[in-house]
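2 protein chains.
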Amino acid sequence: MELIESHLIDKSICPVARTAQVLSGKWTILIIRDLATGVKRFNQLERSLQGISPKTLSERLRSLEEEGIISRRTFAEAPPRVEYSLTEKGYDLVPVIDSMRNYGKKWLCDDK
Amino acid sequence: MELIESHLIDKSICPVARTAQVLSGKWTILIIRDLATGVKRFNQLERSLQGISPKTLSERLRSLEEEGIISRRTFAEAPPRVEYSLTEKGYDLVPVIDSMRNYGKKWLCDDK
Numbered sequence: 001m002e003l004i005e006s007h008l009i010d011k012s013i014c015p016v017a018r019t020a021q022v023l024s025g026k027w028t029i030l031i032i033r034d035l036a037t038g039v040k041r042f043n044q045l046e047r048s049l050q051g052i053s054p055k056t057l058s059e060r061l062r063s064l065e066e067e068g069i070i071s072r073r074t075f076a077e078a079p080p081r082v083e084y085s086l087t088e089k090g091y092d093l094v095p096v097i098d099s100m101r102n103y104g105k106k107w108l109c110d111d112k
Numbered sequence: 001m002e003l004i005e006s007h008l009i010d011k012s013i014c015p016v017a018r019t020a021q022v023l024s025g026k027w028t029i030l031i032i033r034d035l036a037t038g039v040k041r042f043n044q045l046e047r048s049l050q051g052i053s054p055k056t057l058s059e060r061l062r063s064l065e066e067e068g069i070i071s072r073r074t075f076a077e078a079p080p081r082v083e084y085s086l087t088e089k090g091y092d093l094v095p096v097i098d099s100m101r102n103y104g105k106k107w108l109c110d111d112k
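In the order they appear, the protein sequences are chains Y and X.
Going by my numbering, the residue at position 6 of the first sequence is 6; the numbering climbs one at a time, nothing skipped.
Going by my numbering, the residue at position 48 of the second sequence is 48; the numbering climbs one at a time, nothing skipped.
Honestly, the hints are just simulated from the structure, not real lab data.
All C-beta atoms in this analysis are idealised placements derived from N, C-alpha and C, irrespective of residue type, glycine included.
With a Cα cut of at most 20 Å, we get these calculated SDA-like pairs of lysine to any residue:
(1) Y:Lys105 / X:Arg18
(2) Y:Lys105 / X:Glu88
(3) X:Lys105 / Y:Gln21
(4) X:Lys105 / Y:Glu88
(5) X:Lys105 / Y:Arg18
(6) X:Lys89 / Y:Ser99
(7) Y:Lys106 / X:Cys14
(8) Y:Lys26 / X:Gly25
Label-pair ranges, simulated between beta-carbon atoms:
(9) X:Glu88 / Y:Cys14: 25 to 31 Å
(10) Y:Ser24 / X:Thr56: 20 to 26 Å
(11) X:Arg72 / Y:Arg81: 57 to 63 Å
(12) X:Val94 / Y:Gly68: 26 to 32 Å
(13) X:Thr37 / Y:Pro80: 52 to 58 Å
(14) X:Glu88 / Y:Ser85: 37 to 43 Å
Please model the complete structure; the sequences and the hints are all you need to start from.
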């Protein structure tokens with residue numbers, strides 16, 4: 001009985017908690033935000049995300065790629081060109097981020 | 001310069017990250033969900049949130065009250081009646097939770 005109950009609770013919590021988890025990484029939201037306006041190269045992202053180290057950016061991009069949120073395309077040029085874009089799974093996060101941002105702005109953060 | 005940059009980044013992240021934080025507690029989402037349909041008494045919540053201990057429920061309710069997400073009203077009856085409801089700050093979380101749930105259901109959780 002207890003097993004069934006905690007299973008039901010987990011089922012109900014899971015989607016919200018997992019989404020919160022995906023969006024909790026410091027740079028994740030900003031990367032998705034940048035890619036929501038179109039395909040970007042590595043150094044465009046690096047310039048936009050002021051303060052991020054190339055190592056951290058690489059790691060975040062790889063992890064978002066593994067989660068299926070962004071896709072990476074390499075072009076055989078010299079020097080090689082690498083472009084990043086949102087997948088459908090990534091684009092679907094944009095309205096979620098917007099609703100969380102609106103809530104946070106209204107209720108949780110200073111409007112400085 | 002670095003200070004300014006990290007301040008800008010924090011400002012951009014803050015609202016989303018703080019909202020994710022508010023919603024990350026295990027029972028929070030379910031309590032808000034229950035109260036979204038109207039005022040509830042303590043034991044109604046306890047029955048609805050199968051598996052929660054009275055102690056945990058008290059703690060969660062107190063913490064949500066401190067965050068201004070729910071309000072608590074006591075009636076001088078015998079036995080005393082205590083009712084909980086969402087504040088405006090609490091109601092505003094419902095669409096956020098819904099968008100996160102929809103995303104999570106579509107992309108992150110099994111549809112069992």
